[in-house]
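**Q** Listed below are the residues making up each chain.
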Amino acid sequence: MASLMALTALGAREPAVVEIGPLRITERTDLALASVAARRGRMADLAAAAQTAGVPLPEAARHQAGTSYSAFWTAPEMWFVEAPFGSHEMIADLLKTTLGDAASVTEQTDAWVAFDLAAADPAPLLERLCNVDFRAVPKGYATRTVVEHLGVYLVKLDQGTVRLYGPRSSAESLLHALEGAAASAW
Amino acid sequence: MIIHHPILGPRDAQEFVYLGDASLIERPDGMTAGVEVFHEYLYQRTNPAGEHRELWYHEQGDRSWLVVTRNTVTHEITRVELARDVARSKGRSK
Amino acid sequence: MSQSHRIEGGQIDRTKTLRFTFDGVPYQGHPGDTLASALLANGVRLMGRSFKYHRPRGPISSGSEEPNALVELRSGGRQEPNTRATVAELYDGLTANSQNRWPSLRFDAMGINDKLSTFFAAGFYYKTFMWPKSFWEKLYEPIIRRAAGLGSVTREEDPDAYDKGFLHCDLLVIGAGPTGLMAALTAGRAGKRLILADEDFRMGGRLNVETFAVGQALGADWAAGVVAELTSLPNVRLMTRTTVIGAFDHGIYGAVERVSDHLLAPAQGKPRQVLWRIYAGKAILAAGATERPVAFENNDRPGIMLAGALRAYATRWGVKVGERVAVFTNNDDGIRTAIDLQAKGVDVVAVIDSREGGALLPGIRHLQGAEVIDTSGKLGLKSVTIRQANGRSETIAVDALGVSGGWNPNVNIHSHHRSRPVYDDAIAAFVPGQDGPPGLSVAGAAAGAFSTHAALKTGRDAAIAALDLTGAAPDLPEAEDAPTRVTPLWFVHHGKGRAWIDQQNDVTVKDVKLAHQENFTSVEHLKRYTTLGMATDQGKTGNVIGLAVMAELTGRSIPDTGTTIYRPPYTPVALGTLAGRSRGKEFKPFRLTPSHHWAKEQGAIFVEVGNWLRTQWVPKTGETEWRQSVDREVLATRKSVGICDVTTLGKIDIQGTDAGAFLDRVYANTFSSLAVGKCRYGLMLREDGIVFDDGTTARMGENEYVMTTTTANAVTVFRHLEFCRQCLWPDMDVQLISTTEAWAQFSVAGPNARNLLEKVVDQDISDAAFPYMGAGNVTVCGGLRARLFRISFSGELAYEIAVPTRYGDALLREMLSKGAEYDPIVYGTEALGVMRIEKGHVAGGELNGQSTALNMGLGKMVSKKKDSIGMVLSQREGMVQENGYRLVGVKPVDPQGKLTAGSHFLEKGAAAVAANDGGWLTSKVYSPHLGCDIALGYLKGGDRKIGQRMRIVNLLGNLDTEVEIISPHMFDPEGERLRG
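As they're listed, the protein sequences go chains A, B and C.
Quick note, the first sequence lines up with residues 1 to 186 if you use the numbering used here.
Quick note, the second sequence lines up with residues 1001 to 1094 if you use the numbering used here.
Quick note, the third sequence lines up with residues 2001 to 2980 if you use the numbering used here.
Keep in mind that the hints were calculated from the coordinates and are not lab data.
Honestly, I wouldn't trust all of these hints.
[To be verified] In silico lysine-lysine, DSS-like type, Cα no more than 25 angstroms apart, as pairs:
id: 1; chain 1: C; residue 1: Lys2600; chain 2: C; residue 2: Lys2588
id: 2; chain 1: C; residue 1: Lys2678; chain 2: C; residue 2: Lys2865
id: 3; chain 1: C; residue 1: Lys2898; chain 2: C; residue 2: Lys2908
id: 4; chain 1: C; residue 1: Lys2600; chain 2: C; residue 2: Lys2270
id: 5; chain 1: C; residue 1: Lys2620; chain 2: C; residue 2: Lys2818
id: 6; chain 1: C; residue 1: Lys2759; chain 2: C; residue 2: Lys2860
id: 7; chain 1: C; residue 1: Lys2759; chain 2: C; residue 2: Lys2639
id: 8; chain 1: C; residue 1: Lys2016; chain 2: C; residue 2: Lys2378
id: 9; chain 1: C; residue 1: Lys2678; chain 2: A; residue 2: Lys96
id: 10; chain 1: C; residue 1: Lys2620; chain 2: C; residue 2: Lys2600
id: 11; chain 1: C; residue 1: Lys2945; chain 2: C; residue 2: Lys2908
id: 12; chain 1: C; residue 1: Lys2620; chain 2: B; residue 2: Lys1094
id: 13; chain 1: B; residue 1: Lys1094; chain 2: C; residue 2: Lys2759
id: 14; chain 1: B; residue 1: Lys1094; chain 2: C; residue 2: Lys2588
id: 15; chain 1: B; residue 1: Lys1090; chain 2: C; residue 2: Lys2866
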């Protein structure tokens, strides 16, 4: 592989881990991401190919975990598919090969910064950041929302874990917002 | 305001961008219609005090364009449809 | 004289003492005190000066309706003006200062206004300061603002943070008095998600100031018990110190939580206040009622208070406002004040009851059919003069007077959607009308149900109705159910002195009479003419009296006179709270480019482009002036090679079998014919024919394109494409996704661009293998996926190379080190601008939302062989005039001549007037190649004026420069360099 050294979205060699009170923020640089959109009228073909390939295509506003691929819904007939970066850096090529011409696939890995937020109850944090009713939505809920002017994807992995995908170029601002809200919440 | 998205349920209007009258869907064909017809399409509005069908874009959401039927006096929203479905129902295709 | 007016009892913690200062004088109070209760406990009643007449004033209330006792709290960056002492919670170390007085509160020089009051009647400003108009801004307004101000604003930055947040519930209960508590108990026990919000720091509402029982307990203890039960329920969120400020559309309520206002300073990391956006399925307004005074002469002296406030200070805070107290009332609740005060050991010397008949109070001098007609006492009440039923007047020495004119339901939030309150004769007050905010019901005193029993019952019923509860509801505890007995009395007809209606705005009965005399008789006109009901208290105590006086003057009934309605916010909200975290450097999030860290190491200067921070130039040692750096970057690029981070340009991935056809519709020119592996400049119009955006779009595969947008329009272009895809051509097979941030993209430009890139690109990129306008996937540095586009904005041999963003920093460093032999430099947006203007490429200044393709000299790009957005309307008569604006280049005849963007074209000898205007300069730079200023501009008929001489005039900049009109392609017009 290439000789170039990667930088994280925060401009470091190693992903950030920040602890504030009961909250642990972990930057995830080990996730590969690609968008998968059904070509017009090809949803059935895409669903079949995805099933064979083990790519989950969950219903609206949901995240579904799989063996090597997980995915969450982003738009009608469109998903973001996640996989381990180490084995799937070429996620777009891999998915294109698997899903064929039933889908439009676009690499999204470096368009986003991913933060996993872990706390016994993240609700006091999230209610200061976005309008998601975190306590009420089920595990596996996935939505786009706004955090301090930034459009982000929020996935409720479980009652105490949230994954946020924010625009990579604003990673510092997003982390700053998370830190400020956490200090305020706890 | 709250817009009841046909797929995602109630969502805050802050997530949306407003465009205007839903008649913007009914764009004339540029190869057959002339300036007059396009002028009507682009500029002429009824601007009702009451029920109004209008286009909203779920920019901070699933990027769906919606046709929202809203009372401009009370802000009551009585119907929300996917604009794509509305467009097809008006015979639009490719 | 420590707490000379403190008496037994009250909900204060006497085991702890809090020290505070007012106007620099130290005092003591206790936890549970407000600033007003603590000052009153210390015998301080004078707390402010009135707005217009600078009359000495003390508090008239014990709550948020307070019009008078406005103070400046805290100091330095935390100084906050116009804070009501009646709701400012006392803490140890609090500092407060009176306002609107000079040099001191006791002696205020502006008190002269009081003597000149005849000149300051309603409409005074409108009449006096009309002419000459030019005097208004320079003279009148500054003087008026200084003389008639309220508090002053600190010039220091507020050190505290303000949060915003979002809450969700099935039921929001606004107000935690008996009504709200009973509603909350009903909903809470039913397991509903509930928010109970109250502006006070202690829940219970009026139960905290009353002496009667609810069930087996004292009202305040019953309230505490309910609060304890609600606290234990996981589905209930209790929010004290939280004011619901407004009802917005579709069940959204705004609320301000004062998290730290009761502390010396916020705890580390904690906000001062939080602005909550509450999404409530249903809401119950249980905001209670506000007592109103009666207007009589000199009714504004410190020591004259609402009767219920006198009682509240005695019961809740253990404070007697005066040693000898009288009560003036037109209703039974005023009687209750007299009884409660007497039970507390306060000397109640008289009850002046405007009503006649009925039983006399035992053990108190109860004067029926009597009215207060005047008072005395300069800085505090000394006596009241009354007129008895038999017409005899009598002066009674008192130092406190409680006044009750009845109670007004707090309908405010119910009228936030323009519902007009309606007048209810039975309680002589306005109650909520029809068409309030959907989902909001009103209960208890806010709905005109004044007894405690009625409050409890309507609270419970409202919760049951709002939530469709079917299970067992909580039992109603026993409580007083006294009828409301009030005989309206709005103002005392006596004498010629001033009787205040709205103490905050110094509106008197006379002012209303004047408004009537001058025919401002509608309530809306009355409000604007007299300022009745404006400012921080929104007329909570005075409004109804004012319109009742107007009703009497016009001979109309109060319902016929009507009332103004209330708008959000319910109480004043600090601007910092509305701003939240969005201020200063955090006004908006920053977007950083992949080369940001490298550039920062180099000491680069950054410029904000939208939210992006882009490198503007990169100074080298010894460069002291920006032009030195920019000129060097331009010259070095054109001489050898320069690199520029262009990641900020919008990138949209467009796929699908109809992708080409789709691009033909959204671009004015054709893309379906573009070969795979090539790119093309695209011009995008709005439907009205004006240019929307431009950029290059590459065909990466049969059904796959990558579109580039300008940095500024990345979001709006994407939105527009989605509109076209979903609303106009819903069956096209097209999929869109933004990839702006996924790729770090660098422009590599200059004669050595290819030589440099060959050091990092793994494939053959010779001119034959990768010709001008080529595009494709390559690898760099031994296999890393990359995209290469041979496009040029600078006019040089140039490429744009993109790698996944995480490798962008490393690629830049690799190019600089591997290509060191070519002396590569990194250039910023300034050099980028110089080179694009030298080449005549349009950018922000030209893409100004007013210009057509024809204006830009790109008219031929609009294909008429296909339908595209904007094609038809771009052909409108007015937009294709021969003498319309055309893009031209401009250079001064004298190379030393100066140009500035925004200057106008004039013919030589023409006067600098609009009629002679020939157009304007859109962009200007200094060209180090041409050795002079150059500019682009829109000139009427400019395409036919190439070679002519004109003038560039800027009257603001005192500029008048003779120029030559030249082709916009000022550098290498044949394009030999970029094809090299």
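**Q** Evaluate each hint against the coordinates.
**A** Each hint, compared with the structure:
Our distance criterion of 25 angstroms between C-alpha atoms is met by C:Lys2600 and C:Lys2588, whose separation comes to about 20 angstroms. For the given pair, C:Lys2678 sits about 22 angstroms from C:Lys2865 by alpha-carbon distance, which is consistent with the 25 angstroms threshold. Simply put, C:Lys2898 and C:Lys2908 have alpha-carbon atoms about 16 angstroms apart, close enough for the 25 angstroms limit, and the pair holds. At most 25 angstroms may separate the alpha-carbon atoms for a hinted pair to count; C:Lys2600 and C:Lys2270 exceed this at roughly 32 angstroms.
Proximity of C:Lys2620 to C:Lys2818 is assessed by CA-CA distance (about 20 angstroms); at most 25 angstroms being required, the pair is judged to hold. Our distance criterion of 25 angstroms between C-alpha atoms is broken by C:Lys2759 and C:Lys2860, whose separation comes to about 39 angstroms. Distance check on the hinted pair: C:Lys2759 and C:Lys2639 sit about 19 angstroms apart at the alpha-carbon level, within 25 angstroms; holds. Distance restraint check for C:Lys2016 and C:Lys2378: the Cα-Cα separation of roughly 35 angstroms exceeds the 25 angstroms cut-off, and the hinted pair is therefore not satisfied.
Of the pairs offered as hints, the one joining C:Lys2678 and A:Lys96 holds, with about 22 angstroms between alpha carbons and a cut-off of 25 angstroms not exceeded. At roughly 13 angstroms between alpha-carbon atoms, C:Lys2620 and C:Lys2600 fall within 25 angstroms of each other, so this suggested pair holds. Pair hint C:Lys2945 plus C:Lys2908 holds up; C-alpha atoms about 13 angstroms apart against a cutoff of 25 angstroms. Pair hint C:Lys2620 plus B:Lys1094 does not hold up; C-alpha atoms about 55 angstroms apart against a cutoff of 25 angstroms.
Note on B:Lys1094 and C:Lys2759: the hinted pairing is violated, with a Cα-Cα distance of about 46 angstroms set against a maximum of 25 angstroms. Restraint check for B:Lys1094 and C:Lys2588: not satisfied, since their Cα atoms lie roughly 39 angstroms apart, outside the 25 angstroms limit. A hinted pair counts as satisfied when its Cα atoms are at most 25 angstroms apart, and B:Lys1090 with C:Lys2866 qualifies at roughly 22 angstroms.
The structure is inconsistent with the numbered hints 4, 6, 8, 12, 13 and 14, although it conforms to all the rest.
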